[in-house]
Amino acid sequence: MKRWLIWVVLGMSLVSLSAQGEYGDVVLNRYADKAGVRPVVFPHWFHRLRFTCNVCHAEGGFKMRAGSNDITMGEIVDGKFCGMCHNGEIAWSAEFCHRCHSGRPGLAGGFYGSQDPSGPSGGGDFYQRRH
Amino acid sequence: MKNYKLIATLLLGLAVAPFAAAQQFEKQAYDKACGSCHNTGIGGAPKLGDPNDWRPLVAAGMARLYKSALEGTPKGMPAKGGVDGRNFTNSEIQAVVDYMVDKVNVALGATAGAPAGAAAGAAAQPLPPVQYNFNRLLKPMDKRNLPPSQDGIHDPANDGTLMLQPPLQGMADLVRSRFGNNTDWVASFLGKKVTPRWERDNPFAEGMVMDLDILRVPKAAVQDVLFPHKQHTEWLDCSNCHPAIFVPQKGANIISMPLILLGQKCGVCHGTVAFPVSECAKCHSQKKAAAAAPQKAAGKP
Numbered sequence: 077m078k079r080w081l082i083w084v085v086l087g088m089s090l091v092s093l094s095a096q097g098e099y100g101d102v103v104l105n106r107y108a109d110k111a112g113v114r115p116v117v118f119p120h121w122f123h124r125l126r127f128t129c130n131v132c133h134a135e136g137g138f139k140m141r142a143g144s145n146d147i148t149m150g151e152i153v154d155g156k157f158c159g160m161c162h163n164g165e166i167a168w169s170a171e172f173c174h175r176c177h178s179g180r181p182g183l184a185g186g187f188y189g190s191q192d193p194s195g196p197s198g199g200g201d202f203y204q205r206r207h
Numbered sequence: 245m246k247n248y249k250l251i252a253t254l255l256l257g258l259a260v261a262p263f264a265a266a267q268q269f270e271k272q273a274y275d276k277a278c279g280s281c282h283n284t285g286i287g288g289a290p291k292l293g294d295p296n297d298w299r300p301l302v303a304a305g306m307a308r309l310y311k312s313a314l315e316g317t318p319k320g321m322p323a324k325g326g327v328d329g330r331n332f333t334n335s336e337i338q339a340v341v342d343y344m345v346d347k348v349n350v351a352l353g354a355t356a357g358a359p360a361g362a363a364a365g366a367a368a369q370p371l372p373p374v375q376y377n378f379n380r381l382l383k384p385m386d387k388r389n390l391p392p393s394q395d396g397i398h399d400p401a402n403d404g405t406l407m408l409q410p411p412l413q414g415m416a417d418l419v420r421s422r423f424g425n426n427t428d429w430v431a432s433f434l435g436k437k438v439t440p441r442w443e444r445d446n447p448f449a450e451g452m453v454m455d456l457d458i459l460r461v462p463k464a465a466v467q468d469v470l471f472p473h474k475q476h477t478e479w480l481d482c483s484n485c486h487p488a489i490f491v492p493q494k495g496a497n498i499i500s501m502p503l504i505l506l507g508q509k510c511g512v513c514h515g516t517v518a519f520p521v522s523e524c525a526k527c528h529s530q531k532k533a534a535a536a537a538p539q540k541a542a543g544k545p
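So the protein lines, in turn, are chains A and B.
Numbered by this note's numbering, the letters in the first sequence go through residues 77 to 207 in order.
Numbered by this note's numbering, the letters in the second sequence go through residues 245 to 545 in order.
Possibly wrong hints are sitting among the right ones.
Taking beta-carbon pairs under 8 Å as the criterion, some of the chain A residues facing chain B (in silico) [claimed, not checked]:
(1) Gly97
(2) Glu98
(3) Tyr99
(4) Val103
(5) Arg124
(6) Leu125
(7) Phe127
(8) Lys156
(9) Met160
(10) His174
(11) Arg175
(12) Gly186
(13) Phe187
(14) Tyr188
(15) Asp192
Listed next, the stretches of chain A that the computed footprint assigns to chain B, with coverage defined by at least 3 CB atoms under 8 Å from CB atoms of chain B [unchecked claim]:
(16) 108 to 121
(17) 131 to 141
(18) 177 to 185
Calculated from the structure, these hints are not laboratory results.
Even glycine gets a Cβ: it sits at the ideal position worked out from N, Cα and C.
Assemble the whole structure, with the sequences as input and the hints as a guide.
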């Protein structure tokens, strides 16, 4: 009876162990799985090479707390959030679904390879009040 | 009885350890220079551990394999694997070739010798390796900066995954460090190895850098903390931290390591994207005696 439970727990622990990610990688899966597409993997390091934190976290509307940014494809196409740059002018456009929607199906959202930021968020909140 | 088992386990561990360590270099070198093509078989590269890809190559002899690896082939194999492998010596490259052939020898032996499908299946799908991963901030060497197809969160079956830049390639020219992305972002910025744009639309815009150090004196018996605004305002806007995370007023902020470890205060970034808290001395950099000194101290970056 209890043996299958042990296997399930063991299996789950192996899955979580193998999900490493680069330091600062964020998985976004509020809507993706439900919509039948792969979750998004956002690599901080890749963006940091090209832009300061200021661009997304002060100019853009990204709050610095895991789970606090409610991002939909509609908003991205309207030029908000990722769509600020992923518009075919600064970075690849939203047509290239699989470059961002590249995560393993079923991954929970949050930071991988490092911890979740959980405090009050600067930047995004403040920006939205100011503008 | 118990002691006997313990000793046997220890002896086994001692016997296996040197072999594991010996393969460590080859594994790392492979991941750095070869894995991006040979893991997936892009462009016709023989896939690591795939007996069908390797059988004719192994049959043609090791000398030819070494030559192809060192000098490249017209089919698309760059000499020494290209940019990431050019710093390896010839003997190191040969060792990596041996490693790759070792990997496939197991599979070749299994498919040739095993009549039953079960054994072949077992060889094709080895058990996942045991990983030392209880602390996400201290990854073992061979688990750092993995390419997207191997990092465990990207789907290797997705063609977009193969389009993504591997971290080691993107951060190759930056100053390396032991923690986080294994990149010292502040030193890289200082040495202009990384030149991130300050504004989205204006490549010439520069941030308003504020050179003001703040000394914090923790109650605990640890060194004092010197917070440099300079290195922070090179990347961040004032509004990223003030006033939501830190009230811009002396004495108004209660900060503790537990809060930071939970992802609050400094921990909003440190431990998530900036260097992790395992680098104590980067923040706790001032001797206790410095408490008596004036606030503007000559801090190291």
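Which numbered hints turn out to be false for this structure? Going through the list in order, the structure violates hints 8 and 12 and respects the others.
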